[in-house]
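Participant: Chains as they are written, first to last, in our numbering: chain A, 2 to 677; chain B, -9 to 316.
Hints may contain errors.
As the list claims (entries may be wrong) - Reference excerpt, derived from the structure (chain B facing chain A, CB under 10 Å, subset only):
no. : residue
1   : H117
2   : D121
3   : S137
4   : T138
5   : G146
6   : L150
7   : D202
8   : P203
9   : S260
10  : A266
11  : T277
To be verified - Keeping only pairs whose Cα atoms sit at most 16 Å apart, straight-line, the calculated EDC-like set for lysine to aspartate or glutamate is:
no. : chain 1 : residue 1 : chain 2 : residue 2
12  : A       : K454      : A       : E489
13  : B       : K119      : A       : D77
14  : A       : K633      : A       : E670
15  : A       : K70       : B       : D128
16  : B       : K119      : A       : D36
17  : A       : K70       : A       : E95
18  : A       : K311      : A       : E344
19  : A       : K180      : A       : D155
20  : A       : K454      : A       : D468
21  : B       : K73       : B       : D193
22  : B       : K119      : A       : D37
23  : A       : K63       : A       : D107
What the hints assert, rightly or not - Across the chosen pairs, the derived CB separations fall in these ranges:
no. : chain 1 : residue 1 : chain 2 : residue 2 : range
24  : B       : S54       : A       : S416      : 27 to 35 Å
25  : B       : L132      : A       : A488      : 43 to 51 Å
26  : B       : S137      : A       : S349      : 25 to 33 Å
27  : A       : T328      : B       : L132      : 25 to 33 Å
28  : A       : G340      : B       : S155      : 55 to 63 Å
29  : A       : L480      : B       : S238      : 22 to 30 Å
30  : B       : N39       : A       : E316      : 36 to 44 Å
31  : A       : N530      : B       : N39       : 54 to 62 Å
No wet-lab data here; the hints were simulated from the structure. Glycine included, every Cβ here is placed at the ideal spot set by N, Cα and C.
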Amino acid sequence: MKLSIAKFTAIFIFLMVLVSPLSYVCAELQFPPHDDPGSAPVNVDPVFLMNYYSSLFQFISKSDYSGFKELFASNDLTFLPASLQGLFNSFSAELNRANSNMQQIDQLLTNSSSLLDQNRRSEANQTLYEASITIGGTEIILNQLGNTTLSIGDQLGVTTTPANSPSRQALAGLQNSIKTVQNQLNNYLMLFQTLMTRYYATSDNGTTATSIMLQLNVSVASVGTNVAFYGRLTSNGSSLPGRNATLLLDGNIIASAVTDSNGSYSSYFSVPFDYVRQVMLFALFIPEGIDALDYISSISEPVYLNVLYKTTNIEVNIPNTGYPGLTFPIQGNVTSDNGTPLEGRTISIYIDNTTIVDLYSGSHGDFSSNYAIPANSITGSHQLNIYVAPQGTFAGTSLSETFSIDRYPLNLTLSYPPTVYLPTSFTVEGNVSSALGRLDNATVTISVGNTTKIVKTVDGSFSATFDLPLSPWPAGNQLLSITVEPAEPWHASLEVSNNVFVWSPIAVTAISGASLLIVAFSILWIRRNRLSRKSSSPVEQGAEGTVISQAPLEPPMPSEIPAFDGGDLALPVAKSIQNIQIGLLSSERQKVIQSYARAWRLVERTTGVLMEPNTTINEFLQIASARLNGAKDPFSCLTALAERSLYSQFDPVLEDVSLAETYSRTIEEAFKYGSA
Amino acid sequence: MEARKLLPALTAITIVALLVLIWFFPPTGDFRAGNPFWNGYSQFSSSFNASALSSMNGLPANSSGAILVEVPYAPFTSGDLSKIRQFVAGGGTLVLMDDYGYGNQILEYFRLDVSFSGVPLIDPLFHYKNDFFPRISDFASLLNLTSTAYFAMDRGTTLLTNDSSGVLAWSSSFSFLSQDGSSVKSADDTLGPFPVAYYTRIDKGMIIAVADPSIVINSMIGVDSNYAFINNVINLNGNHVAMYFDQSHLPVGTLDNAKQTLDIAYSVASSPFGAAAILVALLAVSTLPLWRKKNSVSAGAPNPKPRNREDEDHDKSKGEMNANIP
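Bound conformation, chain A alone (with noise of 0.2 Å):
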């Protein structure tokens, strides 16, 4: 079956776009242990969603608002799809402010309870009153949590699902949590009905209210020194002798006195040294023992006294840089508002928030440490804090500064052949320096193509000798890697990499020779081919028997005609030289054939006349003798020669030999040089 190009072509390409998803499916994996993110599917289970929301009611109901917070802190982790994230996030936001409610109601119920129990009525009745706004916040938000829940069942689908359904029983579990919640609510609107009544219980016991007054002999006054308070108790006008009176300082207790005959009282304090511009003060009767029955407690108006001092000031200078394994200078200046070096004082140096040191400053308020910086040090970018704590009437002050660790570079120059011979002795040599100097026992890893070969610097120079043996390839690029560890911390390490040419000689010469050769083979292989195409096709139909080429005829060189093998003669003189080999003919006889053969071949490669297989060698050379010119007598000659010899039954004689023989070299010479 004869198959055409074009459909062949057809039949290939329709095969391989067949074959190609087989190939596709042979390179794909296996079944992996893992899903691609990308194309997995979004899945919400509503029951452990819901369970989830149940189990931070729950924590609500049971007062263990740190264990909710704990809890809720996983609520980023559940995965929504964007339809339902804004639901769940409204929901989450809501719950989170239920559960800070109920933490607020319980300080706010507890901390009323421990004011009435001062007598302290007004202060209880303003922690009462805040806690009843937020107790009806929180209702109302229990209330919309509620209902947020059926929205929540909708969305999930589980109101579609049977009512014994896991995920109808957990939205059940949800709103039950939700109910233990708004029962914890009650709780606390019970207790504060319970407290509202001792409120107005103990106002309505007969307790009379106080008025305590305060006053300060200073309006300024610098830290540390003593400072008169004093005052006066009354009840109804009355004074009230004997009672302890409190001085609380931005809330906290620093003073009492005890109230005289007058109701009068008078102490001192000592104005702390918190180095803050202003104070508050308030004075406390808080009814003890017995006169918790009869008085209710008070507190003065407040009184303000502004507090002086002396501010510290710092400066320090460091370098912008350190290195790991060196030293880093720290030095610096501590003194007063008006420049007075501040002798003494404690300054505390921090690095990245830890401490490095603690030093005194110097008679010139002056300080200074040297840190070593870890050798393991991360570069980049690291925070100095330095803090001078205060001392009497000066305040403390700190001061923050940011530097860099980082590495001294590496300067590598290299010296190598940048073409190597293979097989050769290739070195390697370099020189390591750094801003510093040169390395000392760095340690250099080169490495060429596979070979790798570690060596130390000495006074920053090092060298590496390599053997490479003989490759198989002609030439190319290694590559030459370099990596340099220094000894020291301080330095950076350096790799560098860079292509040696590297050609082998030897290679090269058989690669070359062995495509010499091909290329000698495939060109005698195509001319051969050529040749037998030319005299296989009819080109042009000459005489009888006859073909005459069009291909342009030239006279090949003598030592392009190969030596006769009759693989490619026409019939008579194969089989003449069939008859030879196999002994059948004279010696005469094959002489005189082989020196015809020749002959007839230039005749046919010169003149492009080709014998056909039932042209007789007469016939041939008559087609022919138009184009031989010069060569035409002497191959009527041998032609002659040849036929009696084929034909004739007496065999040629040695003159027929010799001159068959010259009739051949004349017709070689008639070709090449245009004349016999």
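Dock chain B against the given chain A, drawing on the hints supplied.
Facilitator: Relative to the frame of chain A, chain B by itself:
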């Protein structure tokens, strides 16, 4: 061109094209350092500048401060295990990331009180995308992760250990081990929390077991705090100086097989013997037509089977001429 010549030519072209494609197409195998697709480790290895090892022989002699990342999906030889022991004893850190592979072989070799359960971990509540991507947020303070950090697993498993002091991360209390691999909790499935990362010190080195190698595949390393988690895990024993990633125990796909075969062929061809063999083969093939022609002439026998009608006619006319020759 005749079909009989076109067919071998096209076949040869196709084979060469396929070989070129296999050579240059990136590997698609799971966890491969050169695999840039969703299931590869290319981002992980480039982020940490990991050197891929094709065999355990590539481990450095000085392992101090070095990290070896192992995804054990193929059994280990005693030689491999010995090399790992040397690596750890020399101060290296072995990060063993496994779920259903041969990680327990290493853990047993070191006689550690920890093993991979080999049962899928499911978290129906705290997860990424779906139940098979559990999110882990309970970390040991040693890991130095922020309180809001969490990472996502991808069809991972858990660890079994009695040494809770070595646990670095726990799954949530809502997670469970699915004995049948499904996302639906059955009565046999035990509830969490379960350890999913563990460390222990051995000599100067450290072994860290993570119950899912997929947390750092290209499609997962950017999810949640996965990168931060693996970064802190890797630097648990101090900042690492070098990282090695063993690829000799990874699952091998068809393409990987083909690439390995090509690699072997390339290395054989690169050897002097291989190069010489190629040279001889080329010479033999190029001179084959000449040999064939010479042989047929020296034998003196005509072609016994005419190839086509033209050849038959030619031979026939030759026969007619033979009759004229005495």
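Participant: All hints are to be evaluated individually against the structure, with a verdict given for each.
Facilitator: Here is how each hint holds up against the structure:
A least Cβ separation of about 6 Å between H117 of chain B and chain A falls short of the 10 Å threshold, and the interface hint therefore holds. With a cut of 10 Å, the hint placing D121 of chain B at the interface with chain A holds, because the nearest CB-to-CB distance is about 6 Å. With a least beta-carbon distance of about 7 Å to chain A, the hint placing S137 of chain B at the interface is held under the 10 Å criterion. A cut of 10 Å between beta carbons decides the hint on T138 of chain B: the least distance to chain A is about 7 Å, and the hint holds.
Interface restraint check for G146 of chain B: the shortest CB-CB distance to chain A comes to about 8 Å, inside 10 Å, so the restraint holds. Because the beta carbon of L150 of chain B sits about 18 Å from the nearest beta carbon in chain A, more than 10 Å, this interface hint is broken. A cut of 10 Å between beta carbons decides the hint on D202 of chain B: the least distance to chain A is about 8 Å, and the hint holds. A distance limit of 10 Å between C-beta atoms decides the matter here; for P203 of chain B the minimum to chain A is near 8 Å, and the interface restraint holds.
Interface hint status for S260 of chain B: upheld, as the beta-carbon distance to the closest one in chain A is roughly 7 Å, under 10 Å. Because the beta carbon of A266 of chain B sits about 7 Å from the nearest beta carbon in chain A, less than 10 Å, this interface hint is met. Interface restraint check: T277 of chain B against chain A, minimum CB-CB distance 5 Å, threshold 10 Å, status holds. Taking the CA atoms of K454 of chain A and E489 of chain A, the gap is near 21 Å; set against the 16 Å cutoff, the hint is violated.
Restraint check: the Cα-Cα separation between K119 of chain B and D77 of chain A comes to about 13 Å, which is no more than 16 Å; the hinted pair holds. Between K633 of chain A and E670 of chain A the alpha-carbon distance is near 12 Å, which keeps this suggested pair within the 16 Å criterion. Of the pairs offered as hints, the one joining K70 of chain A and D128 of chain B holds, with about 14 Å between alpha carbons and a cut-off of 16 Å not exceeded. Pair hint K119 of chain B plus D36 of chain A holds up; C-alpha atoms about 11 Å apart against a cutoff of 16 Å.
Pair hint K70 of chain A plus E95 of chain A holds up; C-alpha atoms about 14 Å apart against a cutoff of 16 Å. About 15 Å separates the Cα atoms of K311 of chain A and E344 of chain A, which keeps this hinted pair within 16 Å; it holds. Straight-line distance between C-alpha atoms of K180 of chain A and D155 of chain A comes to about 20 Å, which puts the hinted pair past the 16 Å bound. Between K454 of chain A and D468 of chain A, the direct Cα distance comes to roughly 11 Å. Compliance with the 16 Å bound is thereby established for this hinted pair.
This hinted pair checks out: K73 of chain B and D193 of chain B have alpha carbons roughly 15 Å apart, not beyond 16 Å. The straight-line distance between the Cα atoms of K119 of chain B and D37 of chain A is roughly 11 Å, inside the 16 Å bound, and the hint therefore holds. For the hint pairing K63 of chain A with D107 of chain A, the CA-to-CA distance comes to about 12 Å; that is within 16 Å, so the pair holds. The hinted window of 27 to 35 Å between S54 of chain B and S416 of chain A holds, with their beta carbons roughly 32 Å apart.
Roughly 32 Å separates the CB atoms of L132 of chain B and A488 of chain A, a value that falls outside the hinted 43 to 51 Å. For the hinted restraint 25 to 33 Å between S137 of chain B and S349 of chain A, the CB-CB distance of approximately 29 Å keeps it satisfied. Checked against the hint of 25 to 33 Å, the C-beta distance between T328 of chain A and L132 of chain B comes to roughly 32 Å, which is consistent with it. The given range of 55 to 63 Å is respected by G340 of chain A and S155 of chain B, whose C-beta atoms sit roughly 57 Å from each other.
Distance hint check for L480 of chain A and S238 of chain B: the Cβ-Cβ separation is about 23 Å, which falls inside the suggested range of 22 to 30 Å. Distance hint check: the CB atoms of N39 of chain B and E316 of chain A are about 43 Å apart, consistent with the given range 36 to 44 Å. Take N530 of chain A and N39 of chain B: their Cβ atoms lie about 58 Å apart, and the range 54 to 62 Å holds.
Of the numbered hints given earlier, the model fails hints 6, 12, 19 and 25; all others are met.
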